[in-house]
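Chains as they are written, first to last, in our numbering: chain B, 1 to 171; chain Z, 1 to 171.
Heads up, a few of these hints could be off.
Claimed, not checked - 27 Å max Cα-Cα, derived DSS-like pairs, lysine-lysine:
id, chain 1, residue 1, chain 2, residue 2
1, B, Lys158, B, Lys74
2, Z, Lys133, B, Lys147
3, B, Lys133, Z, Lys74
4, B, Lys105, Z, Lys62
5, Z, Lys74, B, Lys158
6, Z, Lys105, B, Lys158
7, B, Lys62, Z, Lys118
8, Z, Lys147, Z, Lys105
9, Z, Lys45, B, Lys45
10, B, Lys105, Z, Lys142
11, Z, Lys62, B, Lys45
12, Z, Lys158, B, Lys142
13, B, Lys74, Z, Lys45
14, Z, Lys158, B, Lys147
15, B, Lys118, B, Lys105
16, B, Lys158, Z, Lys45
17, B, Lys62, Z, Lys45
18, B, Lys133, Z, Lys105
19, B, Lys45, Z, Lys158
To be verified - Among chain B residues calculated to face chain Z with C-beta under 10 Å, some are:
id, residue
20, Gly52
21, Phe67
22, Phe94
23, Arg97
24, His98
25, Asp104
26, Cys107
27, Phe136
28, Asn140
Read the hints as simulated data drawn from the structure, not as lab findings.
Every residue gets a Cβ at the ideal spot worked out from N, C-alpha and C, and that includes glycine.
2 protein chains.
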Amino acid sequence: MEYSATLPLSQLPYVYPAAPTSNKAYPFWPCNRRSSQPTRLHCNKMFVPGFGEASPEAKAAKNLHNFFTYIAVKIVAAQLESYNPEAYEELMDFLDRHSLNDGDKFCASMFRESSRHKNLALRIMEVRSAYCKNDFEWDNLKRLAFKMVTDSNTRLMKDYILETSSAETDK
Amino acid sequence: MEYSATLPLSQLPYVYPAAPTSNKAYPFWPCNRRSSQPTRLHCNKMFVPGFGEASPEAKAAKNLHNFFTYIAVKIVAAQLESYNPEAYEELMDFLDRHSLNDGDKFCASMFRESSRHKNLALRIMEVRSAYCKNDFEWDNLKRLAFKMVTDSNTRLMKDYILETSSAETDK
């Protein structure tokens, strides 16, 4: 029995109601941008379950925040490497002992290591803020993500068709 | 000896030259948006080492791409749960056996599992494309990331000052 998993999305009954206001961390953000009313009752978006009080955007922003800390550490390390080898060594040594997965935790630990580390942490924090606000190309990110999803979907279907057609040719 | 790790960024000599054209996957993207010339020679941005031919934006887009696949699986699962329990069970069973860390690998495996799974995979791919292009709030992501880096930096410094001032009061 083949079930109708490929029903066009427009024909699908949305089992869940539109996301309630409390589903987003920022309920004042209107869901439907074409409407000037700050209500989510007429939300045309797909419901994303499992994010509780947060939103997918907040989750993605948190990931980017950690990524920016990682980038800032790389930038500061590259700057220190030549003109201040002593500070560079201390940064590398600290990196060996602490995970960069949680950027804020990393900075908090660095703050408390020594007064020299505190200065390094302040600089990393300054750089991540400047990188996020000035250097990171947000439009480029969006463009690349659009391209990636289109290209990936095409490639996945093409690979599958090539595989199955060559299998049939081999028969 | 206290070394000058807190020099204002504007005073720092940039040890590394501006990122060469080959450092970005999309060299035609002008680095300095104020200039209409597609050259990177006068790039005012901080050099980010270690990304080879890719760029931080491409890396972040790849992460978001996997995140969108995860979101699409959640959306499709929520839709199937009520109106097609059989397909829902198959999706959950497949999820138990396959990691969602690499979205494309996940879809490719699903494609090859059975013809029913192939239809599910097609639907997940359709949903992740629609979510990325229509539903995801890109402006909100940027706004939240800006807010997060400012709030985190303030909080980290405030916590440290509170800690040290209370420690001095205790003396």
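Hints and how they fare:
About 38 Å separates the Cα atoms of Lys158(B) and Lys74(B), which puts this hinted pair outside 27 Å; it is violated. For the hint pairing Lys133(Z) with Lys147(B), the CA-to-CA distance comes to about 10 Å; that is within 27 Å, so the pair holds. Between Lys133(B) and Lys74(Z) the alpha-carbon distance is near 31 Å, which puts this suggested pair outside the 27 Å criterion. For the suggested pair Lys105(B) and Lys62(Z), the alpha carbons sit about 24 Å apart, so the restraint of at most 27 Å is met.
As the CA atoms of Lys74(Z) and Lys158(B) are separated by approximately 25 Å, the hinted pair is consistent with the 27 Å bound. With a C-alpha separation of about 14 Å, the suggested pairing of Lys105(Z) with Lys158(B) holds against the 27 Å cut-off. Note on Lys62(B) and Lys118(Z): the hinted pairing is violated, with a Cα-Cα distance of about 33 Å set against a maximum of 27 Å. Our distance criterion of 27 Å between C-alpha atoms is broken by Lys147(Z) and Lys105(Z), whose separation comes to about 34 Å.
Note on Lys45(Z) and Lys45(B): the hinted pairing is violated, with a Cα-Cα distance of about 37 Å set against a maximum of 27 Å. Under the criterion of a C-alpha separation no larger than 27 Å, the hint pairing Lys105(B) with Lys142(Z) is consistent with the structure, at around 22 Å. At roughly 23 Å between alpha-carbon atoms, Lys62(Z) and Lys45(B) fall within 27 Å of each other, so this suggested pair holds. This hinted pair does not check out: Lys158(Z) and Lys142(B) have alpha carbons roughly 34 Å apart, beyond 27 Å.
Between Lys74(B) and Lys45(Z) the alpha-carbon distance is near 14 Å, which keeps this suggested pair within the 27 Å criterion. Distance hint between Lys158(Z) and Lys147(B) is unfulfilled; the C-alpha atoms sit about 41 Å from each other, more than 27 Å. Annotation: proposed proximity of Lys118(B) to Lys105(B) holds, straight-line Cα distance about 13 Å (limit 27 Å). For the given pair, Lys158(B) sits about 39 Å from Lys45(Z) by alpha-carbon distance, which is inconsistent with the 27 Å threshold.
Note on Lys62(B) and Lys45(Z): the hinted pairing holds, with a Cα-Cα distance of about 23 Å set against a maximum of 27 Å. Straight-line distance between C-alpha atoms of Lys133(B) and Lys105(Z) comes to about 33 Å, which puts the hinted pair past the 27 Å bound. Only pairs whose Cα atoms come within 27 Å are accepted, and Lys45(B) paired with Lys158(Z) is rejected, the gap being roughly 39 Å. This hint is violated: Gly52(B) has a C-beta 13 Å from the nearest C-beta of chain Z, more than the 10 Å allowed.
Residue-level restraint check for Phe67(B) holds (minimum Cβ-Cβ distance to chain Z is 6 Å; threshold 10 Å). A cut of 10 Å between beta carbons decides the hint on Phe94(B): the least distance to chain Z is about 12 Å, and the hint is violated. A least Cβ separation of about 18 Å between Arg97(B) and chain Z goes past the 10 Å threshold, and the interface hint is therefore violated. Proximity of His98(B) to chain Z is violated relative to the hint, the smallest CB-CB distance being about 15 Å (cut-off 10 Å).
Proximity of Asp104(B) to chain Z holds as hinted, the smallest CB-CB distance being about 5 Å (cut-off 10 Å). Hint on Cys107(B) holds. Least Cβ distance to chain Z is approximately 6 Å, under the 10 Å limit. Interface hint status for Phe136(B): upheld, as the beta-carbon distance to the closest one in chain Z is roughly 7 Å, under 10 Å. A cut of 10 Å between beta carbons decides the hint on Asn140(B): the least distance to chain Z is about 5 Å, and the hint holds.
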